[in-house]
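A.B. asks: Start from the sequences and build out the full structure, keeping to the hints where you can.
Each chain, written out:
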Amino acid sequence: MFDILLSSLGQLFTLDHLLYMVLGVLVGLVVGIIPGLGGIAGMALLLPFLYGMEPSVALGMLMGLVAVIPTGDTFASVLLGIPGSSASQATVIDGFSLAKRGQAARALSSAFLSSMIGGLIGAAVLTGFILIARPVVLSFSSSELFMLTLLGLSMVAVLSGRDLLKGLAACGLGLLIGTIGMAPATGEFRLNFEINYLFDGVPLVVIGLGIFALPEIIDLLVKRGAIAGERTRLGKGWKQGLQDVGKNRGLVARCAGIGSLLGTIPGLAGSVVDWMTYGHAVQSAKDKSKFGHGDIRGVIAPEAANNACASGAMVPTLLFGVPGSGTAAVFLGGLLLLGLQPGVSMIETNLDLTYTIIWSLALANIIGAAFCLGLARPVASLTRVPFVILAPLITVLIMFAAYQATRSPGDLLALGAIGALGVLFKQAGWSRPAFLIGFVLAPGAEAYFYQAVQFQGSAAFMRPGVLIIGAMILAALFLPMFRQLWRKLRSTDTEQAPAVGEAPATGSKPITIGGIDLVIFTALLGMATYGWFHLADLSLLGGLMPRLALAIMGVACLLEILRSLVRKPAWQHQPLLQQVVWLAGFFALVGAILTFGLVTTATLFCLAFLMFIARLKPWVAITMSAGVAIFLVGMAKLLTLTYPSGLIDPLLFG
Amino acid sequence: MNTHKTTNSLGRLKKAAVLGLAIAGLGLTLTAPVQAQDANVPSTIKWTIPFGVGGGTDVWARFFSPWLSEHIPGEPTISIDNVPGGGSINGANLFATRARSDGSDWLGTSASTQFPAMLGDRRVRYDYSNWTPILATPTGGVVYAQPSLGEESESAIATLLEKRVKLAVQSHTGLELPVLIALDMLGVDVQAVSGMQGRGEGRLAFERGEADIDFQTTSAYLSSVAPLVESGRAVPLFSLGVLNDEGQIERDPAFPDLPTFTEVYGNLNGEAPSGTANEAYEKFFASGFTLQKLIMVPKGTPDELVEIYREAALEFVETEQFKQEADAHLGPYTPIIGDVVERHLEQAMALNDDLREWLADWLKTKHGASI
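Residue numbers (full-length UniProt numbering), protein chains in the order written: chain A, 1 to 654; chain B, 1 to 371.
Do not rely on the hints blindly, as some may be mistaken.
Footprint (simulated), chain A over chain B, 3 or more residues, beta carbon under 8 Å [what the hints assert, rightly or not]:
#1 170-178
#2 188-202
#3 234-242
#4 297-303
#5 323-334
Distance condition first, Cα-Cα at most 35 Å in a straight line; then the derived DSBU-like pairs of lysine-lysine [stated by the list, open to error]:
#6 A:Lys286 to A:Lys239
#7 A:Lys223 to A:Lys568
#8 A:Lys247 to A:Lys568
#9 B:Lys166 to B:Lys299
#10 B:Lys46 to A:Lys637
#11 A:Lys637 to B:Lys166
I should point out that these hints are in silico values taken from the structure, not numbers from a laboratory.
Bear in mind the structure is a predicted one, so any value in this text is a computation, not a measurement.
Ideal Cβ positions, reconstructed from N, Cα and C, are used throughout, including at glycine.
C.D. replies: Here it is in structure tokens:
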């Protein structure tokens, strides 16, 4: 065993191996930094060269790529508020808030350092765990997986704090949108309204971009100024970020541990892990008031976890041929192309290759994070640029990213629709993470519940694993309550658990209600009523989950209304007019893109926006728009992407 | 000061991006096309794969493309275009409306492209009769059971007939459909638990002891189930067999010792399988296994080009080197090329309304699923 460990280490430091791994790391960073591409695009770029390569060298290259994707995508999450990939959605909340407070460099440096440490811990865990992982992975049956999705859903309660009912309603809506598409039990199509695009459900990337990125862009445009609202010295933050990681050693270690273990469970993609660790960071913190408004722990926790998770995801991929994430799925394709079959052979005859993979993972994490740490300081100054200059570029970027989800016009329209929802939620302080968690976990919760009942019957819920996870859920829900009660008994300080993410957090504010709240209430209740009748044609099994989502949404809304009526809320003015104007502009842009083509429209849009709204000098505006065109065309050629072609693009760009 | 810093950092960011692009670009130019000499053969062939990168069909196409490119005169560049979505229906629809018939557009299809067309899925806007097959690769499959049902296949099958057993499937109309029909014909009462993301998850459910029986295609069986069989944790029951050129089902060369479904049926019933159920089984077996993955071109593609492509494939499929390398990807099966594919395909894809009605009814009553 030790000789294999050492011989694979020696293999790692051969020139060939290092060169190809660095190549993998570079490609990984580039596709990681550009939102919407992520591991799948990176793998697509490398796969053509794979066939015929020496397996250990090729694996090094692939691992270089896999390892740094969750590192590189932090740039977009922190600096621009764009969830670069599904693994970095939780990072957006506090990371982007820190950037808005002028602490982008701090957020980035601590994110990268925790990524690096998380990746190393993940690799270390993997080294030993892979040998004994088989029985452990097999002990998670469908009922335990269902309980894990419930554990994920319980994070909604943790993240919503005192706005629990609104959080639940948001989560219900997320669950509902998550059930669009085929029912896993019966194969019926639900809630697709005969729109072709909805048969597959709405892609996660589009939801993430719509709910987080678009509302932030609009908000910043309304407020004017730069992303960094407060002026601080940039260089200082960089060092502070590193120190922050030092201060939160325990958190980093715990989150990396959670990440690597959850990653090994097939079927729970990385998107659950970051929310769970984020929830863990909130729960374990004494002072929760800063979460959602720029608490560095909200960056450290998910970043430490997602790199570790990428390592953990190798276990089901290598041992069972069941990929734990989208990137792992493509990695599996790479293995097959190299003529390697996943399975027990990976820890028997091919153990050396498995250790090459693990070692490469560790080394690539170090190299990738070092690159990013070096870039962090200069790139952070992006947040000082007046936002009105960045806005058109970022808008084009998120449209580019969203369209890669399924390459259908529906992606752009769904982006706008979810973006409108995000704007409403943001303006009224409803929890957007709760919505996203509901969406992400809906398919898993439904499929695993159905499978658990079918496979195990009522015995499913008496299994020891199920009971243990059940206890964890109860602890997650009630421990904070007890702790709070305890604190209340001990001191007279009436501190309340504040909401994370959106709502005003400090102290025990009186309950407020505003115009947008009323709009959301009406819409959700209307949807619940209409949906209930619309689902009437479905079979019992196929309609169960959407009905449950509707019920959660409707009941939570009614209770919240009741609560508001009883507590006599203060009327809060919630401005929306300017936001609606920008949203209308966005839809107009989508219309133009679909009619004339993405490249043409994006270029002209940037030019016009930069000249007439940002009022830049013409030559600067022309240069930047030309840059946009070159980026789009270059990406299309390099990665064989397609864009909405429209009427004009085919004439100009072939 | 500040603006200077900004431009400087932007410059660095761009540099990093340019570096990455340059590296990738370098790689691309290394495989750049050699100009086609043959006037008829396009210099670039766009091969649409209606599945995501890294999936089974994608890997299959990436394995074939260098072989094909090398053997087609002029060595055209074959670029793979992944258009995932709708379980391959989206990509195939797009191909049906957009593909040019000058030989520069290929489509790679799989069972999940064939089945919806046969079942009359309303999302399908493509028609196999508008396409000409170049090559097809077959696969086989094995049904296996928990050793608790019986130590060897005969006793396990006997137990199967007495109790209701669970099988994890992706969907009732997925690749498992012919297996479900076959088990039903044998008289096995199967509870199909759907919603698996791929056959791999089905196998996991079996290994966890949740499913009583399972089914895998040849390559997955050899790599992941054979070790289970060796260590006594799984018992193979029967293979689906392979279809020979005359349209008869015979033993699978990958599993020469394992009886086929047809043999098992014969042993139990004393006669060969027949009737509507068997007709459905044969059609879905043919399009899901014998012709599991296909290279198709639009019907209007010039005959000479179709011939050139087929001959290119014929040139390498019989070579030792190909067989050796293909073993890991395709199992011990030789790709089928030419008119045979066309004949089998036409036969398999044609479902009359009676048969479709029988299927819809069968799915509803036996599995509570609707088409």
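A.B. asks: Would you pick out the hints that fail for this structure and give their numbers low to high?
C.D. replies: 3, 4, 8, 9, 11
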